[in-house]
Amino acid sequence: MNQIDSQSDSATMTSHDSSDSPEGISLRVPANPAAETRDPSPAIRMNHLSAWYGDFQAIHDVTLNILSNRVTAFIGPSGCGKSTLLRWFNRMNDTIPSAKAIGDVRLGDTDLLSKATDVVDLRRRIGIVFQRPNPFPKSIFDNVAFGPRLHTRMTKSQLQDVVEWSLRKAAVWDEVKDRLHAPALGLSGGQQQRLCIARAIAVGPEVLLMDEPCSALDPASTLAIEDLIFELRKQYTIVIVTHNMQQAARCSDQTAFFFEGKLIEAGPTTGVFTKPSRKQTEDYVSGKFG
Amino acid sequence: MSEKSPMDGVEVRSGSSRMKLDHRFKWLCVSVAVISVLTLVALMTSILTQGMPYLSWTLLTGSPEPDPNQAGIYPAIFGTVWVCLLCAIMTLPIGVATAILLEEYQPRNRWGRMLYSIIQLNITNLAGVPSVVYGILGLTAFVSMFGLFESHNGKHGVEIGVRFYDQFYSEGERAILVSVESADSPMTRPTESMMSLDVNLRPVQVIVIKPGDSLPNDDRLAFTLFNDAEAGRISKKTWYYFSLPLGRGVLTGALTLMLVILPVIIISSQESLRAVPSSLRAGALGLGATSWQVVWNVTLPAAIPGIMTGSILAMSRAIGETAPILIIAGIVYISRAPQNLMDDFTVMPLQVYNWISRPQPEFHGIAAAGIILLLIVLLSFNAIAVLIRYKLQKPLS
Numbered sequence: 001m002n003q004i005d006s007q008s009d010s011a012t013m014t015s016h017d018s019s020d021s022p023e024g025i026s027l028r029v030p031a032n033p034a035a036e037t038r039d040p041s042p043a044i045r046m047n048h049l050s051a052w053y054g055d056f057q058a059i060h061d062v063t064l065n066i067l068s069n070r071v072t073a074f075i076g077p078s079g080c081g082k083s084t085l086l087r088w089f090n091r092m093n094d095t096i097p098s099a100k101a102i103g104d105v106r107l108g109d110t111d112l113l114s115k116a117t118d119v120v121d122l123r124r125r126i127g128i129v130f131q132r133p134n135p136f137p138k139s140i141f142d143n144v145a146f147g148p149r150l151h152t153r154m155t156k157s158q159l160q161d162v163v164e165w166s167l168r169k170a171a172v173w174d175e176v177k178d179r180l181h182a183p184a185l186g187l188s189g190g191q192q193q194r195l196c197i198a199r200a201i202a203v204g205p206e207v208l209l210m211d212e213p214c215s216a217l218d219p220a221s222t223l224a225i226e227d228l229i230f231e232l233r234k235q236y237t238i239v240i241v242t243h244n245m246q247q248a249a250r251c252s253d254q255t256a257f258f259f260e261g262k263l264i265e266a267g268p269t270t271g272v273f274t275k276p277s278r279k280q281t282e283d284y285v286s287g288k289f290g
Numbered sequence: 291m292s293e294k295s296p297m298d299g300v301e302v303r304s305g306s307s308r309m310k311l312d313h314r315f316k317w318l319c320v321s322v323a324v325i326s327v328l329t330l331v332a333l334m335t336s337i338l339t340q341g342m343p344y345l346s347w348t349l350l351t352g353s354p355e356p357d358p359n360q361a362g363i364y365p366a367i368f369g370t371v372w373v374c375l376l377c378a379i380m381t382l383p384i385g386v387a388t389a390i391l392l393e394e395y396q397p398r399n400r401w402g403r404m405l406y407s408i409i410q411l412n413i414t415n416l417a418g419v420p421s422v423v424y425g426i427l428g429l430t431a432f433v434s435m436f437g438l439f440e441s442h443n444g445k446h447g448v449e450i451g452v453r454f455y456d457q458f459y460s461e462g463e464r465a466i467l468v469s470v471e472s473a474d475s476p477m478t479r480p481t482e483s484m485m486s487l488d489v490n491l492r493p494v495q496v497i498v499i500k501p502g503d504s505l506p507n508d509d510r511l512a513f514t515l516f517n518d519a520e521a522g523r524i525s526k527k528t529w530y531y532f533s534l535p536l537g538r539g540v541l542t543g544a545l546t547l548m549l550v551i552l553p554v555i556i557i558s559s560q561e562s563l564r565a566v567p568s569s570l571r572a573g574a575l576g577l578g579a580t581s582w583q584v585v586w587n588v589t590l591p592a593a594i595p596g597i598m599t600g601s602i603l604a605m606s607r608a609i610g611e612t613a614p615i616l617i618i619a620g621i622v623y624i625s626r627a628p629q630n631l632m633d634d635f636t637v638m639p640l641q642v643y644n645w646i647s648r649p650q651p652e653f654h655g656i657a658a659a660g661i662i663l664l665l666i667v668l669l670s671f672n673a674i675a676v677l678i679r680y681k682l683q684k685p686l687s
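Going down the list, the protein sequences come from chains A and B.
FYI, in my numbering the residues of the first sequence are 1 to 290.
FYI, in my numbering the residues of the second sequence are 291 to 687.
These aren't lab readings, by the way, just hints derived from the structure by calculation.
Treat the numbers as computed from the prediction; the structure is a model and nothing was measured.
Ideal placement from N, C-alpha and C gives every residue a C-beta, glycine not left out.
Be careful, since some hints might not be right.
The following label-pair restraints were derived from C-beta to C-beta distances [stated by the list, open to error]:
id : chain 1 : residue 1 : chain 2 : residue 2 : range
1  : B       : S407      : A       : H243      : 48 to 54 angstroms
2  : A       : F56       : B       : M404      : 58 to 64 angstroms
3  : A       : D61       : B       : M404      : 33 to 39 angstroms
4  : B       : S670      : A       : G54       : 52 to 58 angstroms
5  : B       : F439      : A       : I102      : 53 to 59 angstroms
6  : B       : P397      : A       : A216      : 28 to 34 angstroms
7  : B       : I384      : A       : R153      : 29 to 35 angstroms
8  : B       : H313      : A       : R179      : 27 to 33 angstroms
Here chain A stands alone, though its shape is the one from the complex (with noise of 0.2 angstroms):
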């Protein structure tokens, strides 16, 4: 089933490579109409967000709604915003005292700013990958194993049951199946960004979060994540914090614009490319400032 998905995925890619997308930005077009039928809920509601760090606002009153299954990412320029809102999310901005936030941000039932919500639970519910591949010095199979040995306690063969299972959904496996146990810092980096993606996914998230995660890879391991994000959407609501215009365009099914702290347009990819209904969207998008 993901076999004929993935194929006809990347069919449809190469059909509608030069067709109607504007400025040579190539859209990649569900494949499979059947699979997006799925109810489009959203996963992760968002109302009125302000962020602060200290005095300076970083994020005013964003109302976002992160549809599940589906690829959101996040544009904008450099210190519009985006990273911090994505950080909201997993509350990995716990980390910088000065940093605050009100409003509504809520994951299912879960209220995402609350002091009583467990962080810790949540962050297995909503994974998140960073900039730069950060293995840690310890085999590969250890780094996928870290997830599951931090929240379970699994026999020997169901935790090699789970390394196996998200390394390959990570596309990872046929490269690294014969050194497990090799050190992890020995991969190249874009096989370093999906081990980290496979240590994600491998403690069971709803959410993925992706912070600008092709930005220190060359070009075709950044290909190759991308293919692996479209893949991972079947199961995961991804969103992907990019600089990369050509990269929100071909990967994402939702992107919203941001633009010094404001949430300036979001909805369907192919339309915010396309028809964007704000000047601000059109300019940046057609790469005239940013």
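Dock chain B against chain A, hints included.
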């Protein structure tokens, strides 16, 4: 090019002069290194030539007798090993835990930050305090414990692991012990029904006779007492003997050395924790690790090699430290290795100092031999630590 660059017309330094400076700097480094190595070689040669003839089995196993031919350093070797092991066992957990608190558990509010900066300031300042000051601190805080546990008769206030006996000498000149409750119990009167023990603490039956009665002629003589016999109070200490105040024992020495090296260990551990990339912490946090799980699984393993290096340096200092131990233990004649944590002790540097200050030239040679042994103990401690570091440092990068 029509536009004028600010670099136009600026004279570029000639390559040869810069290369000359580079060359000179390299030679400066080489000569400094050579000088320090030569100094070490000179010191080692002088110690070895003086000390080697005096290295002997007697020196290694004997007690520090006043006769140079019988003088040994055995009690001091064991004093050093005991004190330094105890010191390491106490200092490492406290030091590393403090460093983890200061580096990994950042304060959330202004008061917390203030408290942290006060702690940090104290630690940094304590690292520079002369060790003799710690000796005086140890004297007040550990030896007498500010007089808190002093009982009225000047004896130890709290004691664990000690038993008191009244000791009689029988007519056969054998010691007979009678167990008593405490050091302040009334003296035992000899009666035939009292629970008596011999020197090996086996129960014996005593015979009490009146003055004028005839003594038994057989081996019962060994357990025969006159009814007016007087006992002396003695104590037997077990290996886990413990008392408060701590007194001038091994534990006090170790605690005082702990004060000396704790700031060094905390600061070096902090440095190694700080050197762990924050991306690793973020990665673990992002997977849902608690602060403790981050520290235990990610930060600490990555920082262990650095922490061990700092600890090795600190322990080397502890082994060689003389001044605080001199204040705690004083120069006393110790003929045996410490038997419990409260036992009197001496350490190798102190013994060496003691010998050097004697007028007889033989003792100066013995002191040199003592220095050689001290170096051997120091190097074996370091070798163990390096081995541990090597074992913990998995080649995963």
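Going down the list of hints, with the structure as the test:
1. B:S407 / A:H243: 48 to 54 angstroms: Hint violated: Cβ distance 38 angstroms, outside 48 to 54 angstroms.
2. A:F56 / B:M404: 58 to 64 angstroms: Given a distance of about 23 angstroms, which is not inside 58 to 64 angstroms, the answer is violated.
3. A:D61 / B:M404: 33 to 39 angstroms: holds, 34 angstroms
4. B:S670 / A:G54: 52 to 58 angstroms: Taking Cβ atoms as reference, B:S670 and A:G54 lie about 53 angstroms apart, which means the hint holds.
5. B:F439 / A:I102: 53 to 59 angstroms: holds, 56 angstroms
6. B:P397 / A:A216: 28 to 34 angstroms: holds, 32 angstroms
7. B:I384 / A:R153: 29 to 35 angstroms: holds, 31 angstroms
8. B:H313 / A:R179: 27 to 33 angstroms: violated, 46 angstroms
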